[in-house]
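Read top to bottom, the protein sequences are chains A and B. Using our numbering, the first residue of the first sequence is number 1, and each one after it goes up by one. Using our numbering, the first residue of the second sequence is number 1, and each one after it goes up by one.
It cannot be assumed that every hint is accurate.
[As the list claims (entries may be wrong)] With a Cα cut of at most 25 Å, we get these calculated DSS-like pairs of lysine-lysine:
id	chain 1	residue 1	chain 2	residue 2
1	A	Lys19	A	Lys39
2	B	Lys173	A	Lys178
3	A	Lys100	A	Lys76
4	A	Lys96	B	Lys74
5	A	Lys163	B	Lys120
6	A	Lys142	A	Lys163
7	B	Lys173	A	Lys171
8	B	Lys122	A	Lys283
9	A	Lys220	A	Lys47
10	A	Lys76	A	Lys44
11	B	Lys155	A	Lys163
12	B	Lys74	A	Lys321
13	A	Lys76	A	Lys300
14	B	Lys173	A	Lys163
15	B	Lys122	A	Lys100
16	A	Lys19	A	Lys220
17	A	Lys39	A	Lys289
18	A	Lys168	A	Lys100
19	B	Lys120	A	Lys168
20	A	Lys168	B	Lys173
21	B	Lys120	B	Lys74
22	A	Lys163	B	Lys122
23	A	Lys171	A	Lys76
These aren't lab readings, by the way, just hints derived from the structure by calculation. Bear in mind the structure is a predicted one, so any value in this text is a computation, not a measurement.
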Amino acid sequence: MDVIEQGVGRIFTDPDADKAREFFRHKSRALVSKLTTVKEAVEKYVKDGDYVSIGGFGVNRIPAAVLHEIVRQGKKNLGLAGHTATHDFQILASGKCFNKVDAAYIIGLEARGLSPNARQYMESGEVEVSEWTNYTLAVRYKAACAGVSFHPIRNMMGTDTFKYSGAKTVKCPFTGTKYALVPALYSDVGLIHVHEADIYGNCRTKGIIMSDYDIARSSKKLIVTCERLITNDEIRRDPTSTLIPYWCVDALIEVPYGSYPGNMYAEYFSDEDHLREWLKVEKDPEEFKAFLDKNIYGVKDHFEYIERNGGIAKMNRLRQKEWLFVGARA
Amino acid sequence: MANYNTMELMICTAARELEDGASVGVGTGAPCAAAMLAQKTKSPNLVILFEAGGAAPLIPEMPISVGDSRTTWKALMASSMAEIMETACRGQLDYTFLGGAQIDMYGNLNSTRIGNDHQKPKVRFPGSGGANDFGSFCWRMMVMTPQDPKRFTEKCSYVTTPGWLEGGDSRAKSGLPLGAGPYKIITNMAVMDFEPTSKRMRIIAVNPGYSEKDVQDNCGFELLKAPKIAENPGPSETELSILRDQIDPYRYVIGR
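Isolated chain A (complex conformation):
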C-alpha cells in the first residue's frame, strides 16, 4: 500500500505491535491483591514524561482522585490523550502536568463553557499538539487492543484535522477506496474510575462505557479507582458484568465519590456549583492559586477535598439529583 498523503502531526507513542506484545508478555497474570493507596499508585506508576489516557467522559465517571494526586505530586512533561477531555484536562492543566497532547476535544467543559486557564495554556506555545477526533482516538485504542499497528477510517480526509494529525491515506487493496490509517495508541498509563471491583482488579461499571474497554486493555499500566470493593465470589457469580479483567490492572484503590465533582451514573450527579466556581476562579490568577491550595495542594486526599466542599451532606444532595428526586434541586 503506497501512502498518498500524510499529516504533519507528531505521533507521541510507539504504535509497534510486536514491541507492545513483548511488554504484555511480561505483564503479570498472577491473581494477587492490587490494593494500594492513590498516593502510592501515582508515585509508583506515573513517571514524568509518561503518556496518559483517562477513562470516562471528561466530567463523567472520571478518576478525579488520581488526577488531583498527579497535580499534587507535581508530575511533569506528560503526554495526554485529549479524548473527550473536559474537567480532567482542566485539572491536569492547572498543574501544567503535560506538554504533549493528542487533541480531539480539549479546554472546553461542553455546555458550561471554556476553561480560561486550559485555553491560555494551549495558546502559550508550551504544549505540542497533534489533532484527531473523538472517534479516531477511540479506534487508535481499538487497534492497540487488537495487537495491530493501525486502523483504517473514512473521516478526517479533506480537512485540516487530517493535515495536523499523524494519519496517512492509502488505497484499499480490495476495492480501491481511499482510507485514512491511524496508528495504534498504546499509553504508558491508563487511569479509570469504575463502580465496583474485587481486590484483584476485576471491574464492573454501569451505564455507558465510552472508550474504557479499549483504554483498559491498551494501556501498559492501569490504575483503577472504584466506588466500592466487592468480593471475588460476586464477580464469579455474574461474569457477564465484568468490563475489565484483573490481568489488565496494576493498582486498585477504593475511593467512594471518586468521580466527584463529576457525574457517576446511577450514583451521584455532577456538582455544577463547584465546576462553575472552578471556571470563575480561573479568571483571576490569585483567586485560582488560593482555590488550588484549598482543593488540591492543601489537602492530603480525595476525602479531605470532599470534606472541604460540603462533605456527606453535599454527596447526599448529589445522589438525590442523580435520580431526579423532587426537592433535590435546591
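Since chain A is already given, all that's left is putting chain B on it; use the hints.
Then chain B, alone, in the frame of chain A:
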C-alpha cells in the same frame, strides 16, 4: 404573532426537519433541545444518539454533558463512543447538528483555532470532538447558529469538519463516504441549503422580520438564492409552550 426569541425560533425550525423514525446524533444545548422538541411533537419515534454512548433515551431534562446520566435515562442502550460513531460509519445515522466559530460557503466548519501558528494559536477552541466524525458520516449535517459576517466567512482559518470542501465533487474525491454532507444551515435570519452542482450555500427561506438583504449583509461571502424564497413560519404556540414548559424550564438554552 407569538413572542419568541431567536434561539427559540432556531430550535423550532430545526425540530421540524427531524421526521419520525429518523435517527439524529446530537450534542448538548440547542441541538438536544431541537431533538427533544421533535420527539414531543411530530416525531415520537425519533432515535436520539449521544456520542459518548447513550442511545434512544427518553430525556427527562436537558443534559449538561453528552455523557451525563440524562443521556441514558430510560434509554434502549448504554453503549460506547465507538458503537455510536460506527452506527454513523455504517450509514445508520441520518442527521446531526454541528456548530463552530467559522463556517464558509461550502459549509466547512472551524472549531479548532484562529491564527496560523498551530502550535501557538491566537485563539484555541476545543477542536473536533465528535464533530468531524458526525460531519463525515451522518447523511445530512445541519448547523444551527446566529448569523454574522465574522462567523460566515470567506475562508475558515482552519477546517475542522468537512462541509462540501471546495464545492463541486471535491468532497467525493477526498475519500469521504459518498452521499453524506451539509444539508441545511439554520440561523436567526434565514434557512440555507446548498445548490446541488456547485455545493454553494443558498438562501431558501427568510425568517419573519428579515429580508434577503439582511441575510446577505450579515454574511461574509456571496450567498446564492433559490428560485423561490419562502418565508419561514415562526414558532407555533404549541411548540413554544412545550419548549418552555417541558424541555427547558430553567432556560439554560433558550435564555442565552
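**Request:** Determine which of the earlier numbered hints do not hold for this structure and return their numbers in increasing order.
**Result:** Going through the list in order, the structure violates hints 1, 4, 21 and 23 and respects the others.
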